[in-house]
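J.: Sequence:
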Amino acid sequence: MEFSKPLITIITPTYNRAHIIERAIDSVLKQTFEDYEYLIIDDGSKDNTLELVRNYTDRDPRIKFHSHEYNQGQNAALNTGLFKAKGKYIAFLDSDDEWLPNYLEKQLNEFLLDPEVGCSYCWAGYLDNGVLKTSRKYSIKGYLYKEALEQGYICNPTSLMVRKESLDVLGGFNLEFITCQDDDVCLRLAKINKFALIKEALVIIHNDAGNQTITNRHVYANDWLKLFNKYEKEILEYCGPKTLSKHYTKASLLFLKIYNKETSREIINKALRYQKNPKALSVWASTFLPTPILKTVLNLKKIVQ
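For what it's worth, the UniProt record's numbering labels the leading residue of the sequence shown as 1, then goes sequentially.
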């Protein structure tokens, strides 16, 4: 059977994930809705991803494998997928996650019910001793740009389906970000699209990467700061100084947790200019602690939490 013009394009970027990507692929093949193409974009893997995926592409023409000659980053892989996509709707699936069998069917139904909907997302879950539990129960839907700026986050892209034309307008994923590209693209989508919400966990998120390294936490801290520097004026306009202070306080705390006290202090001073609150003042005071004491304080807070 030839799938020349599928209704949905599924994109999975991957890099050295041969040991776990089968879980994602198998969840796609179990979908009750079958009019899709599945693009697996390999970002220059050094493992046996190609050989593993070939076992699937040889059996199912809907699955297509594309590979970068060298590692360019997840955003570049996502954009390659968008460039090659033929579907009217785009769905994203991380190579270490999985969908429930009715994921595509239920997401597509939201677009068919309301032609104004540009994006649809659902709750996500995780497995606890074999039982699927919902991680965060979101409630916002409709035109939610203000709420998105307030939260700084809408959803994990693995739980998001988007009209391709909406992503084309954005120009795809921003290569400027390394870890906050999901937040950035969701904020840009929320500015111009109506969101539907399925209050059901249709996605299982796996944390196979384990704990973040100091390097990864440094990258995330820089990205978070970059994100809210980018949206600073709009957050102030739509949400006010209290929200902006909250976001900069979080960014400052991220730098404090990697013991970059100087940068943390610069950011928290910015937060305090927008609003003085107990949490921001606590972070500010912590930036003056000697590093050994700071480590003890942060570890104690982890224990309390």
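Treat the hints as calculated values from the structure; they're not laboratory data.
Note that beta-carbon positions come from the ideal geometry of N, C-alpha and C, so glycine has one too.
It is possible that some hints are incorrect.
Cut-off 27 Å, straight-line C-alpha distance, at most; resulting in silico cross-link-like pairs (DSSO-like, lysine-lysine) [said to hold, decoys possible]:
#1 Lys46 <-> Lys106
#2 Lys141 <-> Lys46
#3 Lys276 <-> Lys226
#4 Lys194 <-> Lys146
#5 Lys46 <-> Lys84
Cβ-Cβ distance ranges computed for the label pairs, FRET-style [what the hints assert, rightly or not]:
#6 Ser139 <-> Leu236: 40 to 46 Å
#7 Tyr70 <-> Pro290: 22 to 28 Å
#8 Lys191 <-> Tyr220: 38 to 44 Å
J.: So, for every hint listed, does it hold in this structure?
T.: Outcome of the hint check:
no.	hint	in the structure
1	Lys46 <-> Lys106	violated (36 Å)
2	Lys141 <-> Lys46	violated (41 Å)
3	Lys276 <-> Lys226	holds (22 Å)
4	Lys194 <-> Lys146	holds (12 Å)
5	Lys46 <-> Lys84	holds (23 Å)
6	Ser139 <-> Leu236: 40 to 46 Å	violated (25 Å)
7	Tyr70 <-> Pro290: 22 to 28 Å	violated (43 Å)
8	Lys191 <-> Tyr220: 38 to 44 Å	violated (23 Å)
Checked against the numbered hints given earlier, this structure breaks hints 1, 2, 6, 7 and 8; the rest are met.
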